[in-house]
Structures are given as C-alpha cells and as structure tokens.
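Q: Residues per chain, in single letters:
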Amino acid sequence: NAGVTQTPKFQVLKTGQSMTLQCAQDMNHNSMYWYRQDPGMGLRLIYYSASEGTTDKGEVPNGYNVSRLNKREFSLRLESAAPSQTSVYFCASSEIAGRRNSPLHFGNGTRLTVT
Amino acid sequence: DAKTTQPNSMESNEEEPVHLPCNHSTISGTDYIHWYRQLPSQGPEYVIHGLTSNVNNRMASLAIAEDRKSSTLILHRATLRDAAVYYCILPFTGGGNKLTFGTGTQLKVEL
Chain A
243 NAGVTQTPKF
253 QVLKTGQSMT
263 LQCAQDMNHN
273 SMYWYRQDPG
283 MGLRLIYYSA
293 SEGTTDKGEV
303 PNGYNVSRLN
313 KREFSLRLES
323 AAPSQTSVYF
333 CASSEIAGRR
343 NSPLHFGNGT
353 RLTVT
Chain B
1398 DAKTTQPNSM
1408 ESNEEEPVHL
1418 PCNHSTISGT
1428 DYIHWYRQLP
1438 SQGPEYVIHG
1448 LTSNVNNRMA
1458 SLAIAEDRKS
1468 STLILHRATL
1478 RDAAVYYCIL
1488 PFTGGGNKLT
1498 FGTGTQLKVE
1508 L
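Protein chains in written order, with our numbering: chain A, 243 to 357; chain B, 1398 to 1508.
It cannot be assumed that every hint is accurate.
To be verified - Pairs of lysine-lysine, BS3-like flavour, derived with a Cα cap of 30 Å:
no.: 1; chain 1: B; residue 1: LYS1505; chain 2: A; residue 2: LYS251
no.: 2; chain 1: B; residue 1: LYS1505; chain 2: B; residue 2: LYS1400
no.: 3; chain 1: A; residue 1: LYS299; chain 2: B; residue 2: LYS1400
no.: 4; chain 1: A; residue 1: LYS299; chain 2: A; residue 2: LYS313
no.: 5; chain 1: A; residue 1: LYS251; chain 2: A; residue 2: LYS299
no.: 6; chain 1: B; residue 1: LYS1505; chain 2: B; residue 2: LYS1466
no.: 7; chain 1: A; residue 1: LYS299; chain 2: B; residue 2: LYS1505
no.: 8; chain 1: A; residue 1: LYS256; chain 2: A; residue 2: LYS299
no.: 9; chain 1: B; residue 1: LYS1400; chain 2: B; residue 2: LYS1466
Unchecked claim - Reference listing, derived: stretches of chain A covered by chain B, where coverage requires no fewer than 3 residues with Cβ under 8 Å from a Cβ of chain B:
no.: 10; segment: 284-297
no.: 11; segment: 317-323
To be verified - Partial selection, computed: residues in chain B whose CB lies under 8 Å from chain A:
no.: 12; residue: ASN1405
no.: 13; residue: GLY1440
no.: 14; residue: PRO1441
no.: 15; residue: TYR1443
no.: 16; residue: SER1450
no.: 17; residue: ASN1454
no.: 18; residue: ALA1457
no.: 19; residue: ALA1460
no.: 20; residue: TYR1484
no.: 21; residue: LEU1496
no.: 22; residue: THR1497
no.: 23; residue: PHE1498
Please keep in mind that the hints were generated in silico from the structure rather than gathered at the bench. Quantities reported herein were computed from a predicted structural model and do not represent experimental measurements. All C-beta atoms in this analysis are idealised placements derived from N, C-alpha and C, irrespective of residue type, glycine included.
In isolation and in its complexed conformation, chain A is listed as follows (with noise of 0.2 Å):
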C-alpha cells in the first residue's frame, strides 16, 4: 500500500519552461490537494478537488492549473515556471470530502527549483 505518491521528486526548469508534477493516491479517497512550502514557512493551499470531477482554488493558485484526471490522479502544472515558484510541493488526499475530521494523508513532496 504506497499511500500517495509523488512524481518526480526534483526537477529543475528554467524561467517560463512548463511541467505537469503528478500525484496518485490508492487509498479510494475522494478529496486531494496540492500544498506548496517555502523554507521556513507553514504549508500553503494551491488548489484541491473535493471529489473526482471538480476543482476549487487555494490560497496561492495563481501561476498554476490543476487535473482531475480520475479519482486516483491529481495533477499540478506550471505553465510558464517562476523563480517564485522555486519550492517543495506536497499532495496530499482524505477520505471524505466535506467532513473536518478525515485526516490528510501527504505524499513525500516534489523539490522543485527554478532558476
């Protein structure tokens, strides 16, 4: 049982190069989310999906878009990558949408650098 899981886990871009960072979770949840944390800071919401087939912005969405492809799948792409957007992502899934007390389960995180 791999929880959620994360790929890849560095990547280096180049300012305005794109790329999709993936996350799957096998654990039949209906919720996941994509965290961002910079150093020394709290983990920041980017966007979610409360269930397969919708979406739903964070707090710092703008920069990036997000897919729903399927209940296990969850992608996040930067478009045209930022120096500000140089950062470690973490995805993140939970059982039952809606409901505060279903705990977060994390992937491991992708570093993502952007020079």
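We have chain A already, so just place chain B on it with the hints.
A: Positioned in the frame of chain A, the structure of chain B alone reads:
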C-alpha cells in the same frame, strides 16, 4: 479563517513527556482541532484530531480546554524520532478539509 498560535520551538529530553501548546481563540463550534507533524525531508504526517473531548491514540494524546480556545498535544515519552515540526491546525471556514498550516513548533529532543 480561525488562526492558531504555537511557540516557535521547544526542547525535551528523551524518555520525558512533552506538552505542546496551541491557542485557537477564534475557533468555531464545529471546527475539529488537527495535529500533524513533519519530519525532515518528509511530508506532514497525521498525529491526532479532536472536537471537544480529550483523545488518545498510539502516537499521542490531545487535551482540549473546556472552552476550546486552546489545546495541548502530549507525547508521553519523547524519543529522538519525535524530533519534528508539529502543526496545530483548523480547517478553513466554509467547510471541507482545507487545512491551513502555520509555521508550527520545532521540537528538539536531546539524549
């Protein structure tokens, strides 16, 4: 959105209990209090959550004040592997599981 306040860092000796405090004075009546921890170079890990009553699991205990404006995560016997950043968090207002993480408490455990 309801905010939480935690000390930036705390220290403990191995094998001793640790009490990690959190203030959440603007908590709403239906907000669960969640605790997560993050080990170096890993994603956050769920620890425990509760609403009104004290809660226990294999990892920790959660003591919630009667007025729910504060809570304490209790690690009964700290080990070196418990050295991590501990986050006390509440959901966004508006429902769902959109958890907002602050900067947490860095727990250092010494021999």
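Q: If a hint holds in the structure, say so; if it doesn't, say that too.
A: Results for each hint:
{"no.": "1", "hint": "B:LYS1505 - A:LYS251", "result": "27 Å, holds"}
{"no.": "2", "hint": "B:LYS1505 - B:LYS1400", "result": "24 Å, holds"}
{"no.": "3", "hint": "A:LYS299 - B:LYS1400", "result": "20 Å, holds"}
{"no.": "4", "hint": "A:LYS299 - A:LYS313", "result": "18 Å, holds"}
{"no.": "5", "hint": "A:LYS251 - A:LYS299", "result": "24 Å, holds"}
{"no.": "6", "hint": "B:LYS1505 - B:LYS1466", "result": "26 Å, holds"}
{"no.": "7", "hint": "A:LYS299 - B:LYS1505", "result": "35 Å, violated"}
{"no.": "8", "hint": "A:LYS256 - A:LYS299", "result": "25 Å, holds"}
{"no.": "9", "hint": "B:LYS1400 - B:LYS1466", "result": "11 Å, holds"}
{"no.": "10", "hint": "284-297", "result": "holds (count 6)"}
{"no.": "11", "hint": "317-323", "result": "violated (count 0)"}
{"no.": "12", "hint": "ASN1405", "result": "10 Å, violated"}
{"no.": "13", "hint": "GLY1440", "result": "3 Å, holds"}
{"no.": "14", "hint": "PRO1441", "result": "5 Å, holds"}
{"no.": "15", "hint": "TYR1443", "result": "4 Å, holds"}
{"no.": "16", "hint": "SER1450", "result": "13 Å, violated"}
{"no.": "17", "hint": "ASN1454", "result": "11 Å, violated"}
{"no.": "18", "hint": "ALA1457", "result": "13 Å, violated"}
{"no.": "19", "hint": "ALA1460", "result": "17 Å, violated"}
{"no.": "20", "hint": "TYR1484", "result": "7 Å, holds"}
{"no.": "21", "hint": "LEU1496", "result": "6 Å, holds"}
{"no.": "22", "hint": "THR1497", "result": "7 Å, holds"}
{"no.": "23", "hint": "PHE1498", "result": "4 Å, holds"}
Checked against the numbered hints given earlier, this structure breaks hints 7, 11, 12, 16, 17, 18 and 19; the rest are met.
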